[in-house]
Amino acid sequence: MIPFSTLSERHLVYAYCAVWILQFGYGTWLAIQWRRTRKKTTEQSG
Amino acid sequence: MNNRSQTQRFPLWASLYLALTFAVLAIGFYEAMTAPKEATMGNLYRVFFYHFPHTILSFVFPYMNCVAAFLFLFWRRSNPARALKADAFALASGEITVLYASVGLATGMLWGRAAWGIWWTWDPRLTTYLLLWLLYVSYLLLRKLTTGDQKAVLSAVLAIFAAIDIPICFMSIRWWRTQHPAPVFGGGADSGIDPHMLPAVFWNLAAWAMWGAFVLGLRYTIERRRQGIVAVEAGPVVAPASPVLEVR
Numbered sequence: 000m001i002p003f004s005t006l007s008e009r010h011l012v013y014a015y016c017a018v019w020i021l022q023f024g025y026g027t028w029l030a031i032q033w034r035r036t037r038k039k040t041t042e043q044s045g
Numbered sequence: 000m001n002n003r004s005q006t007q008r009f010p011l012w013a014s015l016y017l018a019l020t021f022a023v024l025a026i027g028f029y030e031a032m033t034a035p036k037e038a039t040m041g042n043l044y045r046v047f048f049y050h051f052p053h054t055i056l057s058f059v060f061p062y063m064n065c066v067a068a069f070l071f072l073f074w075r076r077s078n079p080a081r082a083l084k085a086d087a088f089a090l091a092s093g094e095i096t097v098l099y100a101s102v103g104l105a106t107g108m109l110w111g112r113a114a115w116g117i118w119w120t121w122d123p124r125l126t127t128y129l130l131l132w133l134l135y136v137s138y139l140l141l142r143k144l145t146t147g148d149q150k151a152v153l154s155a156v157l158a159i160f161a162a163i164d165i166p167i168c169f170m171s172i173r174w175w176r177t178q179h180p181a182p183v184f185g186g187g188a189d190s191g192i193d194p195h196m197l198p199a200v201f202w203n204l205a206a207w208a209m210w211g212a213f214v215l216g217l218r219y220t221i222e223r224r225r226q227g228i229v230a231v232e233a234g235p236v237v238a239p240a241s242p243v244l245e246v247r
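One line per chain: the protein sequences are A and B, in this order. Just so we're aligned, residue 0 is where the first sequence starts under numbering that gives the first Met the number 0, counting upward by one. Just so we're aligned, residue 0 is where the second sequence starts under numbering that gives the first Met the number 0, counting upward by one.
Simulated from the structure, these hints should not be mistaken for lab results. Check before you lean on any hint, since a few could be wrong.
[Said to hold, decoys possible] In silico lysine-lysine, DSSO-like type, Cα no more than 27 Å apart, as pairs:
no.: 1; chain 1: A; residue 1: K39; chain 2: B; residue 2: K150
no.: 2; chain 1: B; residue 1: K84; chain 2: B; residue 2: K150
no.: 3; chain 1: B; residue 1: K143; chain 2: A; residue 2: K39
no.: 4; chain 1: B; residue 1: K84; chain 2: A; residue 2: K38
no.: 5; chain 1: A; residue 1: K38; chain 2: B; residue 2: K36
no.: 6; chain 1: B; residue 1: K143; chain 2: B; residue 2: K84
no.: 7; chain 1: A; residue 1: K39; chain 2: B; residue 2: K84
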């Protein structure tokens with residue numbers, strides 16, 4: 000059970016979630032860009 | 000299958016590296032959650048295990064960006080192919096700087112609100128750190144919103160000037176009295192943390208450095224591909240036809 004009753008506990012959870020959302024959100028965006036550019040380069044190479 | 004399509008696949012070594020990175024991230028998280036409680040802040044201090052690596056690394060990536068920008072300017076006439084590589088690396092490191100500095104700001108503000116009772120104060124560390132974030136956001140905006148031959152040159156010049164803020168920000172907690180705590184490592188006789196907390200610090204530093212290196216490499220590769228796509232779409236450079244003059 001994640002402690003969430005006090006302000007300190009909530010902010011600790013928010014801080015860890017903020018890190019994961021920002022980092023893995025960026026990672027996901029990069030994965031999408033990887034697929035898009037791969038598709039385009041494959042099309043161009045014929 | 001030709002060589003080109005093979006190089007477009009996600010390499011096996013990169014998949015293994017990513018798996019190792021996730022394993023180190025998991026160890027870092029476990030160490031952060033199981034480290035002993037801090038005497039005054041209790042569990043809240045565990046924000047430090049994510050805040051510290053991101054802040055330190057947000058001082059490293061801008062230097063990579065600065066070196067790449069400098070190399071771009073150095074090679075842009077003598078070796079355009081290398082200059083393009085340097086420009087792609089500068090863009091990648093600029094983006095990762097904004098990412099890590101955004102995390103540093105977000106975790107710092109969440110920690111500050113719970114520990115100090117305020118989200119923000121205009122002390123030298125926080126102000127110079129916000130300036131660092133703004134400089135690299137403006138670097139990315141400049142790259143995004145401008146077009147033409149001068150885009151890469153202007154952004155490279157901005158990158159070199161932006162790097163001046165890094166040592167000022169890094170040293171601010173040594174040079175001035177700040178609301179931000181004094182340096183935990185290398186800050187003199189009163190600095191340091193309990194040795195039982197050190198594994199959590201170093202595992203998380205290693206984990207986020209590995210993740211940073213991975214996204215940096217991936218972003219660089221994507222930008223190199225995009226440069227290739229743009230070059231193909233632009234087509235071969237054709238010299239303008241000479242006007243036909245009829246001489247009688």
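Item checked: Hints violated by the structure (listed by number, smallest first) -> Of the numbered hints, just 5 does not hold.
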